[in-house]
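**Q** Given next are the chains, with one letter for each unit.
There are 2 protein chains.
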Amino acid sequence: MKDPRELVDRALAGQQRAVAQLISRVESGAADLPEIAALLAPHTGRAQVVGLTGSPGVGKSTTTSALVGALRAAGKRVGVLAVDPSSPFSGGALLGDRVRMGDHALDDGVFIRSMATRGHLGGLAWATPQALRVLDAAGCDVVLVETVGVGQSEIDVVSLADTTVVLLAPGMGDGVQAAKAGILEIADVFVVNKADRDGAAQTVRDLRYMMSLGERRDAWAPPVCKTVAARGEGIEDVVAAIDGHRAWLASSGEGAARRRRRAEGEIEAIALEKVRVRLDKGAVAEFADRVVAGELDPYAAADQALNTL
Amino acid sequence: MKDPRELVDRALAGQQRAVAQLISRVESGAADLPEIAALLAPHTGRAQVVGLTGSPGVGKSTTTSALVGALRAAGKRVGVLAVDPSSPFSGGALLGDRVRMGDHALDDGVFIRSMATRGHLGGLAWATPQALRVLDAAGCDVVLVETVGVGQSEIDVVSLADTTVVLLAPGMGDGVQAAKAGILEIADVFVVNKADRDGAAQTVRDLRYMMSLGERRDAWAPPVCKTVAARGEGIEDVVAAIDGHRAWLASSGEGAARRRRRAEGEIEAIALEKVRVRLDKGAVAEFADRVVAGELDPYAAADQALNTL
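Sequence order for the protein chains is A and B.
Here my numbering is used: the first residue of the first sequence is 394, the next is one more, and so on.
Here my numbering is used: the first residue of the second sequence is 394, the next is one more, and so on.
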């Protein structure tokens with residue numbers, strides 16, 4: 394184990410290996426995380442966090458890779474966190490993401506990291522914000538957080554991001570599905586990828602119609618960009634939309650409000666994890682057996698579990 | 394507010410309205426939940442909980458509806474919990490689910506309920522298990538929990554279910570996408586829906602190939618069923634697969650292990666929610682501002698937040 398201070402100093406200087414090692418420590422819940430967090434804190438708060446989400450198959454990884462290229466061309470340092478549910482396959486040749494991301498592997502202005510959510514309570518809520526802090530402190534101007542799927546993980550990414558980009562593709566399920574998945578109210582930028590396919594114009598129309606029905610939590614009107622990410626088409630529009638949202642976040646005060654909410658969520662998640670670790674596991678297992686047998690209800694069991702603290 | 398005891402007595406007698414009112418109390422976090430939970434506890438533990446998950450557009454709602462019909466035909470009482478991410482659209486005419494579920498709306502052996510996850514930490518982990526207890530106590534033999542999306546919500550449904558059914562459809566993304574979403578290791582039963590479409594046989598082959606590469610957490614070999622749920626085709630095979638898994642759960646001891654883990658998770662989630670509610674919100678907001686400013690790290694802030702208890 395390296396000295397945390399030395400590791401943090403090297404990460405602050407932008408050394409890829411140190412950044413990777415720090416994120417590994419975050420993921421594994423290393424004992425010196427509080428010390429690492431304290432060393433990073435004064436160097437954080439600069440990076441724009443951009444969440445990218447959408448159903449499997451819409452082209453998230455390809456779009457992420459194209460965005461990295463465009464942001465690099467604009468002289469920005471870029472971090473990428475690809476958050477996958479844990480899988481026995483991860484790390485294997487099946488992960489097309491990392492293969493595609495290999496385009497940027499030798500660029501020292503790009504930091505790429507896959508994270509497993511490991512399925513524990515809170516998912517993204519726990520390790521990802523800490524990994525973001527590492528990339529922020531390492532000097533990334535933009536950090537792209539790519540999540541698989543829709544549903545809870547999408548809501549989680551919104552709670553992390555300054556700007557949420559929602560990807561759709563023609564024929565991947567109609568507007569009703571999009572509404573069901575709750576994506577309309579969370580998107581700051583829409584991207585209709587694979588826009589060379591049949592039905593792209595219809596997908597854009599459906600989206601605009603659904604947007605006209607819904608109510609947003611804020612006054613921003615999300616732009617709809619059309620891309621063919623595999624050929625790099627339309628990517629500059631997405632970058633412009635992200636920049637536009639950043640400017641609006643700053644001028645409206647919504648940016649500060651989002652960052653405060655994010656920090657609140659982060660503090661709460663860490664505090665609750667500390668409590669969870671301290672619960673007496675043997676006692677909880679015993680209470681659980683009585684709950685399964687119908688002898689105890691889970692509320693009474695929770696009170697008894699808290700009494701073991 | 395009705396007396397909880399009266400409401401529970403009427404739910405135990407299978408009255409639909411009382412069941413609906415109890416679940417509403419669970420969703421809204423009513424103050425008398427601990428009392429309700431204590432009254433329900435002795436009547437729980439009978440229902441088989443079947444989770445259904447898969448990407449938007451694979452036909453989850455149609456399959457759920459067809460399964461309800463088949464289970465009713467077999468004389469079983471059935472509960473359905475449809476868990477959607479919260480959406481400003483819910484309740485509107487856009488929710489095709491409920492329209493389709495309308496087939497069963499007048500059947501007093503079927504209890505149907507949509508739940509919003511409301512985006513809070515833990516998502517499903519919190520309200521859904523309590524709603525399951527209500528349906529279990531009301532005499533449901535099977536409760537189907539339908540979740541939108543893949544990713545974290547899918548992992549959550551596994552933690553709730555005795556049996557997890559994963560739906561796929563031809564052309565909804567290839568086997569690599571399935572592997573990325575981590576669905577292979579969580580499925581107890583696979584359903585390839587829309588099996589009359591081109592590519593269904595290929596989807597089944599891809600699935601079997603991926604399964605041959607992966608490792609399961611237990612000794613069960615998940616069957617792969619082909620359905621055209623919209624026409625009711627193949628649904629009896631799915632019912633048989635679910636029954637087969639139930640028998641295996643009982644004979645292998647895995648069923649008891651899953652229920653214990655589920656109760657442990659439930660106790661933990663309730664305990665942590667109790668702690669969360671007790672945290673001093675004003676203090677957390679103040680710490681959050683200092684975290685955003687880089688003056689405080691989130692670990693130190695979490696310690697200070699716990700000190701406010």
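No wet-lab data here; the hints were simulated from the structure.
Some clues are possibly wrong.
Each pair may be met inside one copy or between any two copies, as identical chains are not told apart.
Unchecked claim - No farther apart than 20 Å at their CA atoms in a straight line, the calculated lysine to any residue pairs in the SDA-like style are these:
hint, residue 1, residue 2
1, Lys-674, Pro-427
2, Lys-667, Val-632
3, Lys-674, Arg-654
4, Lys-667, Asp-396
5, Lys-674, Arg-652
Note that this is a predicted model, so its numbers are computed, not measured.
**Q** Decide, hint by hint, whether the structure agrees.
**A** Hint check results:
Within a single copy, Lys-674 and Pro-427 get their C-alpha atoms no closer than 24 Å, and across copies no closer than 22 Å, so neither meets the 20 Å cut-off. Taking CA atoms no more than 20 Å apart as the test, Lys-667 paired with Val-632 passes in neither setting, with 39 Å inside one copy and 42 Å between copies. Taking CA atoms no more than 20 Å apart as the test, Lys-674 paired with Arg-654 passes between copies only; the shortest distance there is 11 Å, against 31 Å inside one copy. When the C-alpha separation of Lys-667 and Asp-396 is checked against a cutoff of 20 Å, the pair qualifies neither within a copy, at 24 Å, nor between copies, at 37 Å.
In this homomeric assembly, Lys-674 and Arg-652 come within 20 Å of each other (Cα to Cα) only across copies, at 16 Å, whereas the closest approach inside a single copy is 34 Å.
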